[in-house]
Structures are given as structure tokens and as C-alpha cells.
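Novice: Here the protein sequences line up with chains E and D, keeping their order. Here the working numbering is used: the first residue of the first sequence is 6, the next is one more, and so on. Here the working numbering is used: the first residue of the second sequence is 6, the next is one more, and so on.
Incorrect hints may appear among the rest.
Because identical chains share one entry, a pair is satisfied inside a single copy or across any pair of copies.
[Claimed, not checked] 25 Å max Cα-Cα, derived DSS-like pairs, lysine-lysine: (1) 326 x 20; (2) 501 x 167; (3) 307 x 136; (4) 167 x 29; (5) 350 x 374; (6) 70 x 416; (7) 14 x 547; (8) 152 x 247; (9) 505 x 70; (10) 307 x 490; (11) 289 x 418; (12) 490 x 103; (13) 110 x 29; (14) 246 x 76; (15) 374 x 396; (16) 416 x 501; (17) 407 x 246; (18) 52 x 76.
Think of the hints as simulated: they come from the structure by calculation, not from any bench.
There are 2 protein chains.
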Amino acid sequence: MNEISTLQKARQEYKPKLAGVLVKGIKNLAIVKGNATESVRDKESIKEIFKNLYGAPVITFQEGKTNNSSKKNVGVILSGGQAPGGHNVIAGIFDALKEANLENKLYGFLGGPSGIIEGNYVELTSDIIDKYRNTGGFDIIGSGRTKLETPEQFEKSLNVCKSLNISAVVIIGGDDSNTNAALLGEWMKANNAGIQVIGCPKTIDGDLKNDMIEISFGFDTATKTYSELIGNIQRDANSAKKYWHFIKLMGRSATHVALECALRTRPNIALISEEIAEQNWSLKYITDYMTDIIVKRSAAGKNFGVALIPEGLIEFIPEMKAMIANLNDVLAEADAFEEFTMPEKFEYVSQHLEACNAQIFNSLPITIKHQLLMDRDPHGNVQVSRIDTEKLLIEMIELKLKEMKAEGRFKGKFSPLAHFFGYEGRCAAPSNFDADYCYNLGYNAVALIEFGLTGYLSSVRNLSKPAAEWIAGGVPLTMMMNMEKRHGEMKPVIQKALVKLDGPVFKELKENRDKWALEDCYLFPGAIQYFGPSEVCDITTKTLYLENKEKSLNLV
Amino acid sequence: MNEISTLQKARQEYKPKLAGVLVKGIKNLAIVKGNATESVRDKESIKEIFKNLYGAPVITFQEGKTNNSSKKNVGVILSGGQAPGGHNVIAGIFDALKEANLENKLYGFLGGPSGIIEGNYVELTSDIIDKYRNTGGFDIIGSGRTKLETPEQFEKSLNVCKSLNISAVVIIGGDDSNTNAALLGEWMKANNAGIQVIGCPKTIDGDLKNDMIEISFGFDTATKTYSELIGNIQRDANSAKKYWHFIKLMGRSATHVALECALRTRPNIALISEEIAEQNWSLKYITDYMTDIIVKRSAAGKNFGVALIPEGLIEFIPEMKAMIANLNDVLAEADAFEEFTMPEKFEYVSQHLEACNAQIFNSLPITIKHQLLMDRDPHGNVQVSRIDTEKLLIEMIELKLKEMKAEGRFKGKFSPLAHFFGYEGRCAAPSNFDADYCYNLGYNAVALIEFGLTGYLSSVRNLSKPAAEWIAGGVPLTMMMNMEKRHGEMKPVIQKALVKLDGPVFKELKENRDKWALEDCYLFPGAIQYFGPSEVCDITTKTLYLENKEKSLNLV
């Protein structure tokens, strides 16, 4: 990869803006410690598991004078799905390390957490780092999904660190990866290994978020990229006036991505999984809700529109969740099921499911019934994430419209097109915001290391203000944890932030969606800009803006 | 649509750059007439159909003094699929008209060519125009696909024009729409109707191109938008290192879009339909070609990659084309075919197709066989455009790899993901190039009208140079025509430009593709930029650059 695009060339020159407190340099910091902290829930269990890390104070940096920094080597890991800005976190770590002591070294573990276990690494030099500044992707060292959680893995990691003289590891990841960072940090401390562990909050899903973490990195760039495409499609829908576009958006379970995109583009429909779960909407109710909008628009001469569908929807529909659980049980007990023909399978399932679940199963389009019975994981369970939710909804709506047409209640046309946006945004080149934010997260991680801290998440806050006013510090990982059931076992995990139905972001959608449904209020955000007017290039998400507006109001 | 995005707000201020010769204003022009022209082929037939228009000279503008412009009303039509920049063509027409005479009026016909037939129109005032400057989409007046070709339609159009005192019509469209513009212009002239007709070259497909038309508008923006997404996906592939992305790209039949995107992004595979047709590649050959690259990459530890698939591929595979023609005949003669079960249908088709075609049909994955027999148009014909080519190739490759795995010739993993990009780019906000080019096309169309010309395509050339050096003028529509069979009848049509296999653009791909297949030479073009350095914001396509480099070489 020697040749690079002209944009990449121009972006290499971009210098990320540092938080006011960090701008004086890594050697001019002092720490302010808050009070001892508690986990968000399940305090006793979390304390029991994290005997050494639990209760640490929140850290905030201020200007000061650091003692001379001793020479040290640091390792860095990219963990889980890609998010725009990961390379800038690493660049921030590198620059801060070299600023602290020119002899410091940064090692990148290759292919995710397995790199530290297996000792696959590369020394990151300025030659390498410079090529990746302000670029998207995780290709500088690759990523992976290995879970760091067993003492054997920790032991191996320690040996690798020892061999490289590494005294601190930075794990860049989402909620699960940072939970693992805490487990690794706890083990290292319990074993007096002398290895610090610091996490950085990454995920385009936007669900690693709390009072101390305003936003996870990558969310800004990914949602802006999806919004560009949604806006373009809305222009197309509004020009051709003949298609309904059903757009599924990546974002495992929480609906932050679809909600942010909805506020940026104002589509006719945006489903929010958290609302569906809370209101106990059935698949039929969702179908009716969407069909109603389609029919009303059609009556106004508009046989077109745009609907946003969150990727995790199915698992938030209570009746679907129950039916699938029941289906898994039925399939587990079925003898020689694979030898049945498809109609026999449908018949069998329909007879063995509980009555209410059988009714739901039978109401599904045939393609979806196929998918439910064919795409099963190695344990024989239905793979919910493989269900084409956008196509399921299209088929349900088509059935409903056919009924209504027969009854003379629908006279229009319905020509649906399905899209799925995910991979298009995970590795986009970071927006100015993500380029800045990520660089600060990395730089700040080194500041935490310099003060000997471990089990912390790098935290940069006050992000709706200009970088000069950003606050830098650290949050104890244990503070964000609770116990949850995973694969049948209670485990400590960082609490996932779902969309708050009483929060200002959802409220903005709720107050406007009826108008957006019928009138055409489409916004066309266009492509991410790097060089233009500040209001075009530097403003971050509507989600962050609205959440912080609320905070300010609360203070009044 | 009162609120607009911050980018749209900033872009409203953009002033498109005019060609050097147009910059002095619509009143300071003179025309230079070339020699009488001939059609590219079928001269006698074209001359017979276009008695009044045939043989007109190529027009080039130079600085001069126009006589005082008489007051006039002009009508404009957007025809066919959307392309970025259509609104700027209209803005260019509007500004030039008002510059010529403040009392001039511009009427927009609504919903495409049907607007002029049915008399649906709106007067375009500066209030309306200003809202749409430098925006994507055709929503200012909408578009449509009605074909203007019968005397009845022309008669009605004339009456509508008379009622609005319109003396010139500008049709913004692709090859078919401009063929219709010529037919309308011919009829108006033959009937001494006093209505001039001027066309503008639009299509993201890039196939409306010849010596006088270097590029159709929208191609630049659409291919840049697709290339942004392809680049992002390549970053993702190269980071996650576990998926093969099969990306189908819009572009009816010619492969200019996929070729341009390939040069901008350097994927591992880019299929070019024109090459497949010329080399008489079979579906099996294509499958083997792709599988070979997949297996070689896998052997090098790379179970990932990106392949670009042109939308029109199937119809360029000679054996598929023949099989589908045969299948259409078989289905036309089948009695009560719809009452058969699917296995019976397969059996019937397999027995009634010619042996070689039956063999091809039987080699197809079952989902594709389903699609071939189910998605038929009102005439009962197979709908080739509905076939998911990217999924067909994935399934063929999976079968081949399974075979190879059983024989121990493939040990890797193949996890494919399918994408289709089309609607994402057709209505993107125009790049600086398209914003400028389109504005010039519209402005220049008025210049042609001012000189009393009809049956011309607005032509702005020398586009690889800065706007100051652009050449403006007109090309007789008849010059670009030949006779082709359409729905069983010979008709005059503008010759479609396919990818030239001996041209410099395809050559660039051919010389590099083996390297790109196995090494990772991915380019990441990123999002379209409007405000940054000129080499990032103003350079147009690789296709135009390479085609003009060649032209320069020929002169030496």
C-alpha cells in the first residue's frame, strides 16, 4: 500500500486538536482524585471479583508538573469490530509516549487480544504511525474477537509483556473488551505483576456511554456516513417518487445509531427497539404502524418513503423473543428434524410450539420461516442476527396491503427496496471530531499510565464544547459494571447504555415523527467534510448535543 | 422542506465556475460553424428520418457580440433516472435566460416528459431556483420515463408550449431521452412550429459519450460516492481480514461505472462486461477466474477481498444471453406452466431447452433458477435485471470451493457478503466538477437557443483542463445516431458508448489487475470534499483523465 488517495495525503497533514489541559504536554500534568467510587449495581459481587481495583476514584487532570518520567514500554490492542479513529488513538499514545521519554517504545499486538496471548506483535515506529494518522480502519495492527478472561490467558500475556519489558497495556474496545481489560488489570494487580491496564471506549454502536463517557469513538463518523447515504436515498425517493426504501442500520442491540441517523435525516419512519420492547409492541402492531403511514402517504399521492430499521429489532419484540426461545426448545427436542421436508418441518414446529407462539410462527412470511429453521448455530439455536428484518417487514406489509387492496382500503402502489448499511461506515476515515477525540483518548491513556494508574478507562469529557474546554481524566472500569447472565452464568460486565425513552434524544424523535411521517421534511446531510466552515466540519452528533443541552438545563 | 443541513447551507453559496468563453456573459458570444455533419452509422436511414435536422454543423462559441435578445419563454424537462447536478443545469439555464433578458421566463415541466404532454408545469422563479443550487436530486420538478415519440404526443406538447408562449425546450436526459429530443425537434421543424429543442447529456452510467461529449453529467459524483463506500469496505476487509465483499454497481449495460470505481479503489477483482462478451467467457469461466484469485489469496493467508460486479453483467455473458432467449421461447409455449410445482418446472424447462442451454440452466444455483422462473415481466419474459448477479456468483463460487475442499485443493475459509450500490449515488450532492459542468451545460443550452439552433446537444469540452479553458458549443443530435432494433423494430438511437477494450481506461485496469488481485493495493478515496485543496476537491474522473491523456499522445 504505497500509493494513497489525494484525500488521504491531505489528511495526513491534519493535526488533531488537544484538550486544553493536555496541550501543555505530558510533562505538565497533575491529578485530582475524586472520592472512592461504587459500581452502578451489584456492588458486593463486583467488589468480590475486583478486590484490588474496586473503589478507585475518578481522576481529572489539571496543569502541574510531572516528575521525570522513567523509560517504559507500552503495548496496545485493538479489540472487536472496527470503528473510525482507532488509528488516531494509537497515534495519540505514540506521540505522548515519545514526548514523555524518547526512549519509550510502543508495541502493537497483532490481530486483537490473541496477539498478546500468542506474542504476535510489531514495534510501532514513527514510519508506521505516520502512514495511519487520521485514517479509518484497524489495519495498522488488525483486530480480533478473542476474549481475554482466563488465568491461563493472563499468565501467557504476562510472559509476553515481560519478554518485551512492557509495563502497561492499552486495550481499545467496546463494553466486552473493556470488561476484559478490567479482569486483566485485576489479575495483574492481584499477582503483583507490575502491568498497568488502561481501556479506551470504542464502538460505532454508541452503547458504551454513561455520566463519565459521553460518547464512544467512531459513533460520530459512522452515523455521519450512514446519514450521508440515507440523505442521498431520500433525495432519490423524493425525485423518483416511486420507491419505499427500507434501510437496516448496523448497531447490535441498542438503537443509538438509527436514532442519531433519524435526527440527522428526518425519514418517514424510524423504529426504535427500546420503545418497542417497553411498549410491548407485537410484530403485527409494528406492521400496522408502518402500513398506516404507507397508506396515508399513498392517499396523499406519495407512493414513496424511507424507513430506518435497527439491526437488533427482532430481539426487542417481546413476542418474537418468546417465540424464538420456545422454538429453540422445540428444535432441541425434535428427533431427526433435519430429515423432514420443509412443509413437514413447518407442520411439526406449528404443532409443538405453545399456541400463542405457533400463531406468531404461522403468521410469518415463508422466506422468514425458512430462515428461522435453516440458519441455526452450532448449538442448534436460531440465528436471530441472520434474519433479514428489513425484508421480513416488507413482506408483512405487502401481505397487509394486499388484504387492504382487496377490501378497497388501499389504492396505491408499494414498491419496496431493501438496504443494509454497516460495513460502509465502520472504517470510514474519521471525521474531525473523531480524529481529535481519539487522539486525545490515546494521549490521555498515556497520562494515566504516567501516574501509575490501572483498571481505568481513558475519559475525555465536555465534548460538545471546543477542544480547548475538554476535560481529560480516567474512570475506574469497575464503576461502570454490573452482573449479567451470559451463557447461563452471572458475569461482571460494563452496563450497556440503551436508548433512554425519557431522554432528550428520543423525545426529539417522538415530538416530530408524526410530522416527518406524512410531510417531507427530509434533511440531506451530505458527505463528511474535513476542510470547510467549522459548523460543517467540526460539529459532533445530535445525540451528544441534545444530551448535553439537557444536562445544562438540569443545572438551572 | 424549510430546514436544510449545514452542508447544504454552505453549498448554496458556491458559485459554479463558467467556461472561459461563457464568463463574459450570454450577450458576448459569436458562433463558429463547422462543416456539415453525418451520423455515425446508417446515414441514409437517419437522414430519411431527420430530413430537417440532418447534416447540421458542429457549433463552437467564441467571444463576440450577440444581437439584442428578444424576450422568450423556455421549458425544461428532467427525463429518466436521477443524476447529480440536474438542478445546476436548470440553474444555469435560469441565470443565462435572465441575463439575456430579465423578462424571459423558465417553465419546468413536472414529472418528466409527461409534463409537457399533459401541461403540468411550474414557473421557475429565483425563489425556487436558489433553494436547489448545488444540490443533488431531481426533486425541483421531478423526473419520469415517458417516451416522447409519437406525433400525438408532439402535437399535445406543441399546444402546451403555445399556451405558455414557449419557443424552446431543453430536455435533460440520457441517450434515449436525447433521441426523443431529436424526434421532437425534427417534428417541430417539419411543422414550422417555431419551437427549438436542445438536449443536455445526463447519466451516471457514463455511456452517453463520444468525441464531442467527453462525459455525461453525474458520472463524476456517482462514481466518487460509490468509490468512497468501496474504499471504506476495503478498509474493513483489510482490518477484519475475514470477509469477501461482492459489490454490485449500478450502470445498466456499459461498465464505465465499475471500471472508474476500480481505478479509484484498486479492488482484488473487477469484472468488465464488455471484455466478457468479447472474450466469450462462460459463467463457469468467470466462476473459475474469481475462485482462482480467492484460492490464491487464501493460500497467502488472506481469506478476504473485494470484488466489483457490474449490474449489466448477465446480458454480456454470451451463453447466458442465449440460454435466456431460449428460455423465453420455451416459457412462451408452455401450457399451464404456472400450475406446475417448482421441481416440475425445473424438469420441464430442462427437457425443453436446447441441450447446451439445459446444461447451463441446470448448473445454476437453485435460488437463481427460482428467480429465473418466478420474476417474469408482463410479457412472460425473464427479468434479467432482477437477477442478483452478485449472489449468483457467490453461490457458484461456493459450489466450486466445496468441490476443491473435498479434493484438498482449498483449505481456507470463504465468508462472502453481498452489497449493491446504486441509489446511494444517483442523488448525491454534485461534486465541484459536476456542479460546474452542469451549470455550464445549462448556461450553454441558452446560448444555443439564443442563436436560433435546434436539434443540438449542449456540449462543453476540454474538461480535464481548468474551467477557464473549457470549450462550449453544440453537437447536432443526429451526428451521434445510428439505427438499432428496439422491440422488434429498427429505430434511430444515439449510439451507446461501451467500454473500449483497446482504450486507455481498460488498459490501466488490465495492466494492474493481476497485482491488485493478490497484493493489497487498496486505495481509500474517502468522501467527496467541496472546500479543501484543489487536488482533492476539483479533479474529475480517472476515466476522463486517461481518455484525454491518450488524445494528447495522439497529437504528438
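Novice: Now, for every hint given, state plainly whether the structure supports it.
Specialist: For each hint, the structure was consulted:
Neither within a single protomer nor between protomers do residue 326 and residue 20 lie at most 25 Å apart by alpha-carbon distance, with minima of 48 Å and 55 Å respectively. With identical chains, the CA atoms of residue 501 and residue 167 are never at most 25 Å apart, being 34 Å at best within one copy and 67 Å at best between copies. Taking the shortest Cα distances, residue 307 and residue 136 sit within 25 Å of each other only across copies (22 Å), while inside one copy they are farther apart (49 Å). With identical chains, the CA atoms of residue 167 and residue 29 are never at most 25 Å apart, being 32 Å at best within one copy and 74 Å at best between copies.
Taking the shortest alpha-carbon separations for residue 350 and residue 374, both the intra-copy value of 10 Å and the inter-copy value of 23 Å come in at or below 25 Å. In this assembly of identical chains, residue 70 and residue 416 lie within 25 Å of each other by CA distance neither inside one copy nor across copies; the values are 75 Å within and 57 Å between. In this assembly of identical chains, the alpha carbons of residue 14 and residue 547 lie at most 25 Å apart only when taken from different copies (17 Å versus 30 Å within one copy). In this assembly of identical chains, residue 152 and residue 247 lie within 25 Å of each other by CA distance solely across copies; the values are 18 Å between and 47 Å within a copy.
Neither within a single protomer nor between protomers do residue 505 and residue 70 lie at most 25 Å apart by alpha-carbon distance, with minima of 41 Å and 68 Å respectively. Neither within a single protomer nor between protomers do residue 307 and residue 490 lie at most 25 Å apart by alpha-carbon distance, with minima of 47 Å and 36 Å respectively. In the homo-oligomer, the alpha carbons of residue 289 and residue 418 lie at most 25 Å apart inside one protomer (21 Å), although the nearest pairing across protomers, at 39 Å, exceeds that limit. Taking CA atoms no more than 25 Å apart as the test, residue 490 paired with residue 103 passes in neither setting, with 42 Å inside one copy and 71 Å between copies.
In this assembly of identical chains, the alpha carbons of residue 110 and residue 29 lie at most 25 Å apart only when taken from the same copy (22 Å versus 62 Å across copies). For a Cα distance limit of 25 Å, the shortest separation of residue 246 from residue 76 qualifies neither inside one copy, at 65 Å, nor across copies, at 35 Å. For the identical chains of this complex, residue 374 and residue 396 are neighbours both inside a copy (12 Å) and across copies (21 Å), given an alpha-carbon limit of 25 Å. In this assembly of identical chains, residue 416 and residue 501 lie within 25 Å of each other by CA distance neither inside one copy nor across copies; the values are 45 Å within and 39 Å between.
With identical chains, the CA atoms of residue 407 and residue 246 are at most 25 Å apart within one copy only, with a shortest distance of 21 Å there and 44 Å across copies. In the homo-oligomer, the alpha carbons of residue 52 and residue 76 never lie at most 25 Å apart, since the shortest distance is 33 Å inside one protomer and 85 Å across protomers.
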